[in-house]
Amino acid sequence: MLTIDNLHATVDGKNILKGLSLEVKPGEVHAIMGPNGSGKSTLGYALSGREGYEVTDGKINFKGEDLLEFETEERAQKGLFLAFQYPVEIPGVSNMEFLKTSVDAVRSYQNKEPLDAVTFMKLAREKSKEVNLDQNFLKRGVNEGFSGGEKKRNEILQMMLLEPSLCILDETDSGLDIDALQTVADGVNACRDPNRSFIVVTHYQRLLDYIVPDYVHVLSDGKIIKTGGKELALELEEKGYSWINTLPEEA
Amino acid sequence: MTVAIDFSQRDKLKLDDFLLKSSAGWLAGNQKRAFDFFCTLPLPHRKNEHWKYNQVDFLNSGDFILCHQAGQAEHKSQSINFENSIKLDFVNGILVNQFNDDEPALQLTRIDKLNSEQQALLQQQLAQQDKNIFAHLNQLIANNAYLLEVKANTIIDKPVYIRHISDPGLENSEANQLAVNALYVSVSANSQLTLIEQFNSNTNDSENTLLNLQQSFIQLAQNAHCKHYRLNLEDANSHQVSEVNINQMKDSHYKSFYLGLGSKLNRTDINLAYQQEHASADLSGVYLPSGNETIDYHTNIQHKNGHCQTNEIFRGIIADQAKATFNGKIHIFPQAQKSDAYLNNKNLLLTNQAEINTKPELEIYADDVSCAHGATVAQLDKKSLYYLQSRGIGLKKAKTMLSLGFINELITRIDNEVIREFLLSLVDKRMSHID
Chain A
449 MLTIDNLHAT VDGKNILKGL SLEVKPGEVH AIMGPNGSGK STLGYALSGR EGYEVTDGKI
509 NFKGEDLLEF ETEERAQKGL FLAFQYPVEI PGVSNMEFLK TSVDAVRSYQ NKEPLDAVTF
569 MKLAREKSKE VNLDQNFLKR GVNEGFSGGE KKRNEILQMM LLEPSLCILD ETDSGLDIDA
629 LQTVADGVNA CRDPNRSFIV VTHYQRLLDY IVPDYVHVLS DGKIIKTGGK ELALELEEKG
689 YSWINTLPEE A
Chain B
13 MTVAIDFSQR DKLKLDDFLL KSSAGWLAGN QKRAFDFFCT LPLPHRKNEH WKYNQVDFLN
73 SGDFILCHQA GQAEHKSQSI NFENSIKLDF VNGILVNQFN DDEPALQLTR IDKLNSEQQA
133 LLQQQLAQQD KNIFAHLNQL IANNAYLLEV KANTIIDKPV YIRHISDPGL ENSEANQLAV
193 NALYVSVSAN SQLTLIEQFN SNTNDSENTL LNLQQSFIQL AQNAHCKHYR LNLEDANSHQ
253 VSEVNINQMK DSHYKSFYLG LGSKLNRTDI NLAYQQEHAS ADLSGVYLPS GNETIDYHTN
313 IQHKNGHCQT NEIFRGIIAD QAKATFNGKI HIFPQAQKSD AYLNNKNLLL TNQAEINTKP
373 ELEIYADDVS CAHGATVAQL DKKSLYYLQS RGIGLKKAKT MLSLGFINEL ITRIDNEVIR
433 EFLLSLVDKR MSHID
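Protein chains in written order, with this note's numbering: chain A, 449 to 699; chain B, 13 to 447.
What the hints contain is simulated information worked out from the structure, not anything from laboratory work.
For each residue, glycine too, the CB sits at the ideal point set by N, CA and C.
Hints are supplied without guarantee of correctness; some may be wrong.
Pairwise CB distance ranges, derived in the manner of DEER restraints [said to hold, decoys possible]:
id, chain 1, residue 1, chain 2, residue 2, range
1, A, Glu519, B, Asn304, 24 to 32 Å
2, A, Ala565, B, Ser128, 55 to 63 Å
3, B, Glu433, A, Asp625, 40 to 48 Å
4, B, Asn96, A, Lys570, 33 to 41 Å
Next up, chain B with everything else stripped away, as it sits in the complex:
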């Protein structure tokens, strides 16, 4: 199946080209719905508040060919050296390795092979999603969608390490390309999972655009715990639009760390909803765009039920002419009494051309809640720089030290030593290249 999509001529698309041969009725229904929305919704535009700071003009650059071959990408990018992990590699959205299933409590199923119970689970996750045009496109192209399940009452010791690699050179395509992937994760009651998603790309030599659309859904059943690391390490020339949708039940806990280095278009929407009481989430993140890169995090935390707790801290260091956007929204519904929510975003601008658009938003419709939010934008402290210089430390090194100091607190809090050390060295390397 070779499908070409021209975003400005969506009326020419045919649903039949997208339906999987094995599409069961429910899946075909989903695809049909997604198709209708995808073809009729307006394209993202800078005049639209939601896409105000994103460079989306490339959508009008003709056909995008859907990547459909699992190529052998050279993984030039550095990887985390876990002693033991369960690895899943996706190249241009396509699963390229064997799922090693010596962990009986863990199960991976392609979307067209789901049983009725699994279908219901997936439908439940989809129903919670606030869809935009890219999400619809992702669900229309269903062939790279998988469900990863953790059975009940199990602690998965080994981290699940997922690498997404995009490489436009693989298919020798002269046209723009589209890589699509969706991952549905379900952690059953009383279970624990550590999930790492790492994104790398190899697009710097390519003249064509490879648009990467990725969605992850994380469903946490009662008392389920998930530690989630999402590392966007794409190169400067990449385009990616992605979403993480988290759905939490009673007493569940979601703890996450997001890292974004930035690229031409690098957008992550994090949507989290408490579907029952007494759930909690701890979200933290760091973004470090430089050069002409951009980075954009939109977070939307929905306190739909009472007694839930959110702690959200994002910090950014913006170098050169880079642009960053942080939009953090916390929505407390009328019935969500005793909600406790904290949101903080701090930014460091290293140059006069660096740009940050930060917007913390609280929408509170309940009266017995504790909420706080704040955002700051600052430059490197001159007194601190002088102090370091007066001890023989050169200006460049002093700047690196202070910049690292600004985000260290969030990284050193990571309890997994292997991941922490990987991130520290990665961030250290990144900051040392910045003037």
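Okay, chain A solo, but in the shape it has when bound:
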């Protein structure tokens, strides 16, 4: 699915990722944990091809292709999805129109007919129910005036509709209360599929109680310095991030 090899990336000329390698196979869930400033969000942006996040070295292979060759929208069309930590508000563009345009764009890339308006509306309503987002939110501007939790649920709604093959969740748990966390996790778990992989970026172990990972990676200073099973998250929670600084670097 995804192979990242020795990835180096800079933001504003500052080195953030310094040789990150990661392999994600179909159906796997990888959690990436690490302290503030370790490069967690940068990884997501570099994968999605955000302007200003410059890859200076290394390779990213996504489903057999060199991901770095493609623009942001092409990566999305090929099945890469990044759920944002802070989704932007776009007043004036209705959420429904946004969702439909997005799904149409991805379907068109896959040589599928666009869904007609009625079918799509039905589908969007159905899925919004699953993430506990009131239908009124479909009519409002994209994320306009949404609470933190509503924005995150809207991200999951987009993920459900786009049916990507790789989902990167960037601190999707931040700013969520317990109930919202449960809803979001349920949404994610409903999308789990042998052909769909997840990279879950988080500060806290809590989310991983709900979305159980196959692997946990510790990111520090732009590199993965430790990899383990889900129990690594518990260990981190207990000992704190300062503990990892004492770890010897893995070869």
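Position chain B relative to chain A; hints supplied.
Just chain B, lined up with the frame of chain A:
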């Protein structure tokens, strides 16, 4: 009557060439006054603050022949498909269709056929007007001026749909041409009218200039309501200078939407005056010039009496090398206590070459008022673009969506569904052509 006007040699003009055969004394008097002003006022010039951003050099390009034939213009332009409307078509300023008067409360009269009561009404409107040289020229050439009256206590259900089409090819003229039209609208007490004015042109193939001068006057009597849509959809090569003068009495309400696509010269002055207390107006507008087009809206709202309310919002999206000007003035007179006025102008520049000159002005001479004004200029938000792209939406489409989002709020507020849908599709088409 073939009249040629050379703007740089106005001293050679003769008043007699302009007087209508049927000109009654009052009308001839008006024309004489307009003639004197037109011949003596200086021509608009870029050094003049009022015309600073307009391209008016073409005025020095020799004779302008007054269009005087009602030709059969091909209406290539799209029209609003009202199920039921009262249509008036003007081609090069000249009325070309029959006024369908199965609406007894509605009356259309040419200016030289007015009775004394109607004359007084028209004189009242003219007296309020702050005239410039084009306004004087318009009133000098009186033969395409009409009065449209709505009788008292009537709601006109059908919209009055006025199309202005200019086509320089109609008269096979080798020279520059001048199309002139004036419309005086009077909505009597307790009546309601929906008025749509649409401007189209077919000048792209022409080497000569067709200068379009149009004036509309809207008089709202006590408790009269008018919804007014003014859509300037001229092609890129057009020249038009126009005015809308609104005069409001007690408890009257004016609600409007202006749309301007831009052209070589595209200037609209909106002058609104509250002549009595407790009147209100809601003005909104959108301008979308692209290519080398220009667009210019000057608005001047005069709170001459207290307890009146103005809400004015204009938004512009300027693409390519286009230039837009917005000058919004609100004037609160000393006696206009308890005035409530809000003016806002937001602009989106799509390129580094696009230009906006915006100037909101408040002049307040009363002390118990509530007024606010503001203007912003911005570019498309990069974070929003990235967000849309990250969902598979291409950059061009993302730009279109964000641009539309910037003006959607004003269009979706339009309560007439037919007009709203027409505008949405028009604007959508317009924005999709912009890179």
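Okay, the hints, checked on the actual structure:
1. Distance hint check: the CB atoms of A:Glu519 and B:Asn304 are about 30 Å apart, consistent with the given range 24 to 32 Å.
2. Judged by the Cβ atoms, the range 55 to 63 Å given for A:Ala565 and B:Ser128 holds: they are separated by roughly 58 Å.
3. Taking 40 to 48 Å as the suggested C-beta distance range, the pair B:Glu433 and A:Asp625 conforms, at roughly 42 Å.
4. Distance hint for B:Asn96 and A:Lys570: a CB-CB separation of about 35 Å, consistent with the stated range 33 to 41 Å.
The structure meets every hint from the earlier list without exception.
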